[in-house]
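Participant: Now for the letters of each chain:
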Amino acid sequence: MTPRLRMLGVKKSFGATHALRNVNLDVSPGEVHALIGENGAGKSTLMKILSGAYTPDAGKIELDGREFTSTNPWHARRSGIAMIYQELNLAPHLTVEENILLGDEPATFGWIHRSQRRQMAREALAELRHENIPLSAPVRSRPIAEQQVVEIARALVGKSKILIMDEPTSSLTEVDTKNLFAVIARLRERGVSIIYISHFLEECKQVSDRYTVLRDGESVGTGEMASADLHDIIRLMVGREIKDIYPRTPHRLGKPVLELRAVAGETKPRCVDLLLREGEILGIAGLVGAGRTETLRACFGLDRLRSGSVWVDSREQTHRTPKQRLREGIGLLSENRKEEGLMLNRTLAENLTITRHGPIAKFGVISNRRQNQVTMDWMQRLDVRARGPTQQISELSGGNQQKVAFGRLLHHNARVLLLDEPTRGVDVGSKVQIYQLMGQLAAEGKAIVFVSSYLAELLGVCDTIGVMCRGVLSEIRPVSEWTEHSIISVAIGHTEAQNSR
Amino acid sequence: MKNRSADSPDRTTKIRTLLNVLGPFLGLAFVIGLFSLSNEVRPYFLTGANFKIILIQTVIVATSALGMTMIIVSGGIDLSAGSMVALTSVASATLLVKGYSPSAAVVLTVLAGGCLGLVNGIAIAGFRMMPFIVTLGMMGIARGTAKWLAGNQTVNPPETPINNIMGLVDPIHLFPLPPGVWITIGLAVLMAVVMRQTIFGRYIFAIGSNESTARLCGIRVRLQKLIIYAVAGSFFGLAGLMQLSRLTQGDPTAAIGLELDIIAAVVIGGASLSGGAGSILGSMIGALIMAVLRNGSNQMGWPTYMQEIIIGVVIILAVGLDRLRQRRNNI
Ligand SMILES: Nc1ncnc2c1ncn2[C@@H]1O[C@H](COP(=O)(O)OP(=O)(O)OP(=O)(O)O)[C@@H](O)[C@H]1O
Ligand SMILES: [Mg+2]
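Chains as they are written, first to last, in this note's numbering: chain Z, 1 to 501; chain X, 1 to 331.
Excised from the complex, chain Z in its bound form (with noise of 0.2 Å):
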């Protein structure tokens, strides 16, 4: 049979930085095939190519046996290869419908049949579950999660022989995966070719036929992955062995130094209680769209409270500014790096630097030998792949953009992080990273709270879990009175569940 895809030689380079050294790739009809590798490896460039917003720069592509060169997306698209891109793509005020068909409106001389369009843009979010999604709402008035699936919807429409799906469950919850994969089963079966690209790599083992390994930019090793090993995977992927997944360091619980008392927003969240102490690491669970978020938002002062009080130190302060709150020593990563969490167009140092300028500046007016030199100590500890900190942040693979973010609070040197989805996109040696870095946070005396969809992890690292339900936090328990299963009961609301235990 000959492949559906095949990608020979590939290489592409940026300037100095050689993202793609050469890349070999096939994929047969009807296959869901893995792409795995680290931060930076070159998947995202990768599929890009493929996809017709980058050119290659050397190489061959074919496509179902014929020689194949996009020039452009629309290209790309009418050749039947459609993508999800990992950045979310999406035009912020058009609606929900708008954005399903964005491009392939379903029109006669530019006169678009609005039923019609309707109709397919239903029947999109419908395959998804996710028939509750207002079709007229704007798109950026919808939580991230379901921006994510109005990306996937989008790829649906339409009929593309190859579907790339670059982190599409970064921001999904659970169910909202499960209901992917039936997605992507049923796909399958039509013989569609899916590429699929996550840094979970036990999702990789499930949904997908066979996979590919990306290192440096090269393709390191393809196989079954019924007979592989996740082992080997990751040892082909980092190039060491990882033992031990969810590190912990010993650390001891404080002082108080956050406490929210009933906390209720605007809409979100209902009610919150909550008390953070020194050195401990709180996670927070719960569907998307059960008001985490928001917590975080309205405890740093993004957001307006209606009610409730917030207490640092034992001291009632309830209504703050962000900058205050910085100054308290609290900060925030937001979930959203692209629109929120980062300065696309700057370069990494002022991205990594923005909150505090104390080490780098007298009066006013910053060094940059000091500044480099700053960005350079948190690039190596944090291990962020870059040419260097002047480079502009946009040009960084998605995970290494998040640990920037991440970097920020370290360098303002927050003593409590509120950390919203902070392994988004970063794969799996780098999460290790993370991880070890929040036990050593702790520690030090460091406070945390963990907002995670991704329930291992929290199992993993947390000291405590609350789970939050519509607007409302749970009782907080230490971790090891919380099971996967307890976890999610609670989370779509089944009270019996708290009580049965």
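Be a bit skeptical, because a hint or two may be false.
To be verified - Below are the SDA-like pairs computed for lysine to any residue, each with C-alpha atoms no more than 25 Å apart in a straight line:
(1) Z:Lys362 to X:Glu40
(2) Z:Lys323 to X:Arg128
(3) Z:Lys362 to X:Met130
(4) Z:Lys60 to Z:Gly289
(5) Z:Lys205 to Z:Lys362
(6) Z:Lys338 to X:Ala188
(7) Z:Lys362 to X:Gly126
(8) Z:Lys205 to Z:Ser28
(9) Z:Lys159 to Z:Arg129
(10) Z:Lys323 to X:Gln224
(11) Z:Lys159 to X:Ala277
(12) Z:Lys161 to Z:Ser79
(13) Z:Lys323 to X:Ala188
(14) Z:Lys362 to X:Leu273
(15) Z:Lys338 to X:Met130
(16) Z:Lys323 to X:Gly126
(17) Z:Lys362 to Z:Lys338
(18) Z:Lys323 to X:Val313
(19) Z:Lys362 to X:Gly186
(20) Z:Lys362 to X:Leu281
(21) Z:Lys338 to X:Leu273
(22) Z:Lys338 to X:Leu281
(23) Z:Lys323 to X:Arg323
(24) Z:Lys338 to Z:Gly289
(25) Z:Lys323 to X:Ile185
(26) Z:Lys338 to X:Ala123
(27) Z:Lys338 to X:Gly186
(28) Z:Lys159 to Z:Leu102
(29) Z:Lys323 to X:Ser212
As the list claims (entries may be wrong) - Okay, the calculated bits of chain X under chain Z, using three or more residues with CB under 8 Å as the criterion:
(30) 25 to 32
(31) 210 to 220
As the list claims (entries may be wrong) - What follows is a set of in silico ranges between Cβ atoms, one per label pair, in the way DEER data are often shown:
(32) Z:Val365 to X:Pro43: 20 to 30 Å
(33) Z:Ser13 to X:Leu28: 41 to 51 Å
(34) X:Leu190 to Z:Ser13: 35 to 45 Å
(35) Z:Gly65 to X:Leu28: 34 to 44 Å
(36) X:Trp302 to Z:Ala91: 38 to 48 Å
To be clear, the hints were calculated from the coordinates, so they are not data collected in a lab.
Because the structure is a prediction, the values reported are computed rather than measured.
C-beta atoms are modelled at their ideal positions from N, C-alpha and C, and glycine is treated no differently.
Assemble chain X with the ligands onto chain Z, guided by the hints.
Facilitator: Relative to the frame of chain Z, chain X with the ligands by itself:
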């Protein structure tokens, strides 16, 4: 370490920055070269005396561009700059007529510009209105006030040292340059340092690049914007003084459409209208390019409508080139 960047520490970035900086200079060299091609014009165009005139013609746009660069980098726009220049020049002429000392007139004029800018800032930052609309309104308000204040005619102040700011002492040689040129150069150096090397400048770029991030990082976005518009207003006030010095009278109908020249200069200099990018050096070169274009076309004897067309084309070309550069940088 795993940092495979070690082999080429930041070289590409440096080269790219260099190219970005060099771009406007190349444009300047290109327009100067263009006018030097013609055998008839060259003996007049390529002389110290003419460059002195070009520099003097640049000063008003350049001074205003210092303020406009801040505004555009922060993601805003100011359409009222031209009217503010006219209003402040009329105001200072009126002050001089009323018998104020020249130094008091200077201070008050710059302050007046600052206050007008502050009003813009309050509407934009305080009431979260669109800069485009607010400054469009201010454009009408300032122009109308200027005409009102002047009684719909020019105001002729007595002879004062203010006229020397832009005075052409020795019209044959390039040096000495009039004080206005030195003032502008000095302020440009100061502002370049402020934008590039200070925390205040960082915050301007941060707000323009991503306002939500700026807020998240504890920057007082509204206060910062207020300051930006007020400081820019004082630059427009200073430009108004220079305008007065050049015309030796306060003319309420002067500087019509000047804001477009200023914005063009800033954009030619590499600033992005969506914010987060731009430089003082670039804007200054951009202002020079605009002045050379006008001066050259005059020397060539081209009618004004030709000049307008040419300048329009140049602006579009400059911005188009910039887009191309950006596209190559990142998709
Ligand atoms: N536009 C660009 N300009 C310069 N360098 C770039 C550009 N895009 C990507 N790179 C570099 O190419 C390399 C590969 O990046 P890519 O985005 O393909 O990684 P990735 O495997 O998708 O990583 P992640 O898992 O973090 O998303 C990185 O070192 C990145 O810095
Ligand atoms: Mg990627």
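Participant: If a hint holds in the structure, say so; if it doesn't, say that too.
Facilitator: Evaluated hints:
1. Distance restraint check for Z:Lys362 and X:Glu40: the Cα-Cα separation of roughly 55 Å exceeds the 25 Å cut-off, and the hinted pair is therefore not satisfied.
2. With a C-alpha separation of about 20 Å, the suggested pair Z:Lys323 and X:Arg128 falls inside the 25 Å cut-off, and the hint holds.
3. For the hint pairing Z:Lys362 with X:Met130, the CA-to-CA distance comes to about 35 Å; that exceeds 25 Å, so the pair is violated.
4. The suggested pairing of Z:Lys60 with Z:Gly289 is violated, with an alpha-carbon distance near 44 Å, which exceeds 25 Å.
5. Restraint check for Z:Lys205 and Z:Lys362: the C-alpha separation of about 53 Å exceeds 25 Å, so the hint is violated.
6. At roughly 33 Å between alpha-carbon atoms, Z:Lys338 and X:Ala188 are farther apart than 25 Å, so this suggested pair is violated.
7. A hinted pair counts as satisfied when its Cα atoms are at most 25 Å apart, and Z:Lys362 with X:Gly126 does not qualify at roughly 31 Å.
8. Pair hint Z:Lys205 plus Z:Ser28 holds up; C-alpha atoms about 18 Å apart against a cutoff of 25 Å.
9. Pair hint Z:Lys159 plus Z:Arg129 holds up; C-alpha atoms about 20 Å apart against a cutoff of 25 Å.
10. Distance check on the hinted pair: Z:Lys323 and X:Gln224 sit about 13 Å apart at the alpha-carbon level, within 25 Å; holds.
11. Restraint check for Z:Lys159 and X:Ala277: not satisfied, since their Cα atoms lie roughly 41 Å apart, outside the 25 Å limit.
12. Of the pairs offered as hints, the one joining Z:Lys161 and Z:Ser79 holds, with about 8 Å between alpha carbons and a cut-off of 25 Å not exceeded.
13. Using a Cα cut-off of 25 Å, the hinted pair Z:Lys323 and X:Ala188 is violated, with the two alpha carbons roughly 31 Å apart.
14. Taking the CA atoms of Z:Lys362 and X:Leu273, the gap is about 31 Å. The hint is violated against a cut of 25 Å.
15. Using a Cα cut-off of 25 Å, the hinted pair Z:Lys338 and X:Met130 holds, with the two alpha carbons roughly 23 Å apart.
16. Proposed proximity of Z:Lys323 and X:Gly126 is supported: the alpha carbons are some 18 Å apart, at most 25 Å.
17. Of the supplied pair hints, the one linking Z:Lys362 and Z:Lys338 is violated, its CA atoms being roughly 31 Å apart against a limit of 25 Å.
18. Distance hint between Z:Lys323 and X:Val313 is unfulfilled; the C-alpha atoms sit about 45 Å from each other, more than 25 Å.
19. For the given pair, Z:Lys362 sits about 22 Å from X:Gly186 by alpha-carbon distance, which is consistent with the 25 Å threshold.
20. For the proposed pair Z:Lys362 and X:Leu281, the alpha carbon gap of about 24 Å is at most 25 Å, so the pair holds.
21. Restraint check for Z:Lys338 and X:Leu273: satisfied, since their Cα atoms lie roughly 19 Å apart, inside the 25 Å limit.
22. For the hint pairing Z:Lys338 with X:Leu281, the CA-to-CA distance comes to about 30 Å; that exceeds 25 Å, so the pair is violated.
23. Between Z:Lys323 and X:Arg323, the direct Cα distance comes to roughly 35 Å. Violation of the 25 Å bound is thereby established for this hinted pair.
24. Straight-line distance between C-alpha atoms of Z:Lys338 and Z:Gly289 comes to about 19 Å, which keeps the hinted pair within the 25 Å bound.
25. In summary, the hint linking Z:Lys323 to X:Ile185 is not supported, as the alpha carbons are separated by about 36 Å, beyond the 25 Å threshold.
26. Proximity of Z:Lys338 to X:Ala123 is assessed by CA-CA distance (about 28 Å); at most 25 Å being required, the pair is judged violated.
27. In summary, the hint linking Z:Lys338 to X:Gly186 is not supported, as the alpha carbons are separated by about 38 Å, beyond the 25 Å threshold.
28. As the CA atoms of Z:Lys159 and Z:Leu102 are separated by approximately 15 Å, the hinted pair is consistent with the 25 Å bound.
29. For the given pair, Z:Lys323 sits about 13 Å from X:Ser212 by alpha-carbon distance, which is consistent with the 25 Å threshold.
30. Coverage of the region 25 to 32 of chain X by chain Z is violated. Counting CB-CB distances below 8 Å, 0 residues qualify, and the rule asks for three or more.
31. With a cut-off of 8 Å between beta carbons, the region 210 to 220 of chain X has 10 residues touching chain Z; three or more are needed, and the interface restraint holds.
32. A beta carbon spacing of about 47 Å between Z:Val365 and X:Pro43 contradicts the range 20 to 30 Å that was offered as a hint.
33. Checked against the hint of 41 to 51 Å, the pair Z:Ser13 and X:Leu28 fails, with Cβ atoms roughly 32 Å apart.
34. The supplied range of 35 to 45 Å is met by X:Leu190 and Z:Ser13, whose beta-carbon atoms lie about 40 Å from each other.
35. Taking the beta carbon of each, Z:Gly65 and X:Leu28 are about 54 Å apart, not inside 34 to 44 Å as hinted.
36. A hinted range of 38 to 48 Å for the beta carbons of X:Trp302 and Z:Ala91 is consistent with their spacing of about 44 Å.
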